[in-house]
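Protein chains: 2
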Amino acid sequence: MNILEKEITIYDIARKLNISAATVSRGLMNHPSVNVNTKQRIVETADQMGYRSNHLASNLRKKRSNIIGIIVGNLNSSFMSNIISGVDSVLSKANYNLIISQSLDNIDKEVNIAQAMYNNRVDGLLVSLAYDTENAEHFESFVKRGIPLVYFDRTFPHEQCPGVAIDNVKAAYDVTQHLIEQGCKRIVHVTAYRLSAVALDRFNGYKQALLDNNIPFDESLIIYTHLGMQDGEKAAHQILNMPERPDAVFAINDACAVGCLLELKKHGINIPEDIAVAGFNNDREASIVEPNLTTVNYKGYEMGEVAAQILVDRLNNVTDTVTDNKLILKSDLIIRESSLRKK
Amino acid sequence: MNILEKEITIYDIARKLNISAATVSRGLMNHPSVNVNTKQRIVETADQMGYRSNHLASNLRKKRSNIIGIIVGNLNSSFMSNIISGVDSVLSKANYNLIISQSLDNIDKEVNIAQAMYNNRVDGLLVSLAYDTENAEHFESFVKRGIPLVYFDRTFPHEQCPGVAIDNVKAAYDVTQHLIEQGCKRIVHVTAYRLSAVALDRFNGYKQALLDNNIPFDESLIIYTHLGMQDGEKAAHQILNMPERPDAVFAINDACAVGCLLELKKHGINIPEDIAVAGFNNDREASIVEPNLTTVNYKGYEMGEVAAQILVDRLNNVTDTVTDNKLILKSDLIIRESSLRKK
Numbered sequence: 001m002n003i004l005e006k007e008i009t010i011y012d013i014a015r016k017l018n019i020s021a022a023t024v025s026r027g028l029m030n031h032p033s034v035n036v037n038t039k040q041r042i043v044e045t046a047d048q049m050g051y052r053s054n055h056l057a058s059n060l061r062k063k064r065s066n067i068i069g070i071i072v073g074n075l076n077s078s079f080m081s082n083i084i085s086g087v088d089s090v091l092s093k094a095n096y097n098l099i100i101s102q103s104l105d106n107i108d109k110e111v112n113i114a115q116a117m118y119n120n121r122v123d124g125l126l127v128s129l130a131y132d133t134e135n136a137e138h139f140e141s142f143v144k145r146g147i148p149l150v151y152f153d154r155t156f157p158h159e160q161c162p163g164v165a166i167d168n169v170k171a172a173y174d175v176t177q178h179l180i181e182q183g184c185k186r187i188v189h190v191t192a193y194r195l196s197a198v199a200l201d202r203f204n205g206y207k208q209a210l211l212d213n214n215i216p217f218d219e220s221l222i223i224y225t226h227l228g229m230q231d232g233e234k235a236a237h238q239i240l241n242m243p244e245r246p247d248a249v250f251a252i253n254d255a256c257a258v259g260c261l262l263e264l265k266k267h268g269i270n271i272p273e274d275i276a277v278a279g280f281n282n283d284r285e286a287s288i289v290e291p292n293l294t295t296v297n298y299k300g301y302e303m304g305e306v307a308a309q310i311l312v313d314r315l316n317n318v319t320d321t322v323t324d325n326k327l328i329l330k331s332d333l334i335i336r337e338s339s340l341r342k343k
Numbered sequence: 001m002n003i004l005e006k007e008i009t010i011y012d013i014a015r016k017l018n019i020s021a022a023t024v025s026r027g028l029m030n031h032p033s034v035n036v037n038t039k040q041r042i043v044e045t046a047d048q049m050g051y052r053s054n055h056l057a058s059n060l061r062k063k064r065s066n067i068i069g070i071i072v073g074n075l076n077s078s079f080m081s082n083i084i085s086g087v088d089s090v091l092s093k094a095n096y097n098l099i100i101s102q103s104l105d106n107i108d109k110e111v112n113i114a115q116a117m118y119n120n121r122v123d124g125l126l127v128s129l130a131y132d133t134e135n136a137e138h139f140e141s142f143v144k145r146g147i148p149l150v151y152f153d154r155t156f157p158h159e160q161c162p163g164v165a166i167d168n169v170k171a172a173y174d175v176t177q178h179l180i181e182q183g184c185k186r187i188v189h190v191t192a193y194r195l196s197a198v199a200l201d202r203f204n205g206y207k208q209a210l211l212d213n214n215i216p217f218d219e220s221l222i223i224y225t226h227l228g229m230q231d232g233e234k235a236a237h238q239i240l241n242m243p244e245r246p247d248a249v250f251a252i253n254d255a256c257a258v259g260c261l262l263e264l265k266k267h268g269i270n271i272p273e274d275i276a277v278a279g280f281n282n283d284r285e286a287s288i289v290e291p292n293l294t295t296v297n298y299k300g301y302e303m304g305e306v307a308a309q310i311l312v313d314r315l316n317n318v319t320d321t322v323t324d325n326k327l328i329l330k331s332d333l334i335i336r337e338s339s340l341r342k343k
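Sequence order for the protein chains is A and B. The opening residue of the first sequence carries number 1 in UniProt numbering; numbering runs sequentially from there. The opening residue of the second sequence carries number 1 in UniProt numbering; numbering runs sequentially from there.
A portion of the hints provided could be inaccurate.
Said to hold, decoys possible - DSS-like cross-link-like pairs, simulated, lysine-lysine; straight-line CA separation at most 25 Å:
no.	chain 1	residue 1	chain 2	residue 2
1	A	Lys266	B	Lys342
2	A	Lys185	A	Lys265
3	B	Lys266	A	Lys343
4	B	Lys343	A	Lys265
Keep in mind that the hints were calculated from the coordinates and are not lab data.
Could you build the full structure based on these sequences and the hints that come with them?
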């Protein structure tokens with residue numbers, strides 16, 4: 001095994017077959033001037049010798065890599081794997097290979113990955129921003145170079161880069177409205193330790209629903225966390241220690257809602273009678289936890305498909321599919337037993 | 001936005017700054033012969049003009065892309081995202097970027113991805129085979145070319161490609177032995193519709209434990225499925241329809257075990273008193289489902305780290321870390337309430 005082994009060239013193939021390098025080259029490109037039998041021998045010999053089609057060099061010439069990059073915050077959710085499956089299905093049909101990188105919600109890592117994808121010349125890029133990302137300067141090189149970039153889920157407003165997302169204000173409004181209709185008045189909102197655009201939208205939806213129902217907003221009912229399952233458990237302890245017990249919890253993701261629900265149950269709280277619980281995302285655990293979790297169903301697969309299709313259309317210079325720069329997908333409130341007090 | 005916009009070269013930068021292209025080139029490579037202020041101007045101008053370091057061309061020369069590829073069957077499990085996090089942590093430290101592709105457990109897609117990764121010249125490759133893959137010929141091009149390849153989890157025996165996995169025979173033996181110790185005698189084994197090497201190992205572990213406990217193997221207790229959560233639900237119906245009711249279920253993954261457990265509960269079966277249930281993988285849902293699921297903890301993060309480290313060592317021509325070609329990681333039986341009859 002020798003990494004520095006010499007790269008096989010068309011000259012090596014030509015020497016082996018005792019024909020000209022030009023013939024080898026034409027044969028490999030399936031040129032009509034080369035005899036079928038000769039072509040066959042060229043291809044077989046190239047294969048035996050381990051010849052690589054020299055994609056890199058050929059990419060340099062035609063400036064197409066046929067690779068699409070996707071950058072996501074974290075692969076660790078069924079929601080994100082659904083998105084990637086949707087993307088994969090569209091790109092496979094369009095003959096692109098997908099390469100995936102995760103920023104682990106770290107802005108520095110996101111900058112590095114973006115640079116690597118740029119240098120390795122992806123033909124297009126799909127991005128869901130890291131949780132902490134506040135600007136998108138590290139993607140400007142793509143814009144300048146005319147490489148199509150489509151944001152999804154955690155989007156960034158940009159004239160040349162379409163975004164695909166759901167209406168987070170409305171979805172959070174619907175969850176809160178549902179809890180109020182179930183008779184809840186002291187609704188804890190479990191949100192992110194630092195408000196991203198998505199978290200802020202959901203926060204605003206929550207507040208607006210309270211306002212519309214004449215329930216005063218109470219800052220002491222807001223819990224800021226890192227949104228993991230264990231953070232949900234910690235949130236449960238904060239809730240149990242509140243001087244006046246809340247009657248509902250609305251966490252902005254399912255992992256956190258599930259952790260909170262299980263910990264409240266452990267402490268003898270009846271769900272939903274004592275405290276109703278709702279999450280967001282419709283991750284797999286939402287229908288495993290007991291009682292099953294009320295949540296917002298976010299069509300991950302569809303979001304992936306739509307974002308990938310916009311990208312492919314841009315690569316083919318078809319742009320009429322997007323009339324608006326921001327595409328809002330439908331999301332649905334899924335009411336399950338964790339919040340259903342009125343049956 | 002014009003995809004065909006001309007690529008910026010060092011000549012463009014040189015013209016703009018009215019210096020020689022050679023100086024620009026040396027400046028960009030941080031050569032000591034170039035004055036610090038000039039370097040600064042060169043770098044700034046290159047940046048403004050959207051110059052790309054021409055990684056591709058430079059990769060062609062030095063034959064290093066600094067990219068490692070990883071091919072997995074499916075990203076859709078917390079186990080797999082743990083593996084990828086482990087890989088990511090080692091590669092980041094070694095200054096490699098990781099690109100991920102999923103075969104969706106489809107051998108044809110795996111062949112395509114392997115080809116794309118080869119043509120795009122990853123420096124090394126990590127592979128967990130698609131469920132259906134029976135030979136590894138499509139990876140021979142890497143071996144021939146001296147590109148290090150390390151298998152993990154679903155490995156393939158190959159003299160030049162190390163594999164990192166757990167002892168699936170032993171782990172399945174331990175699960176079955178535990179169920180027998182809890183008083184179970186009619187243990188259903190839910191396995192894959194077609195036996196991969198991993199599934200076969202677990203099947204053998206199950207059979208060996210029965211044998212060692214003088215329990216005759218009964219083919220009518222074996223259920224062959226596609227191992228999804230819904231397949232687990234279907235398995236539950238098969239179990240409920242068996243003429244003599246089994247007293248335990250051992251499914252070879254958690255998703256399937258959880259689906260089966262929930263469906264059995266819906267039909268009034270007490271878990272673990274009537275039927276004990278055990279899974280495999282220690283996915284997140286195993287500690288969400290009630291009762292919590294007995295399973296095998298597979299250290300995904302560690303497996304990712306170890307596989308990546310072997311790869312990095314090979315890239316650096318350090319090979320003494322692997323004494324054997326197959327590295328067996330420890331796995332642990334996690335006993336939870338779903339199987340605990342004797343308390």
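Which hint numbers does the structure go against, in order from smallest to largest?
Those not satisfied: there are none.
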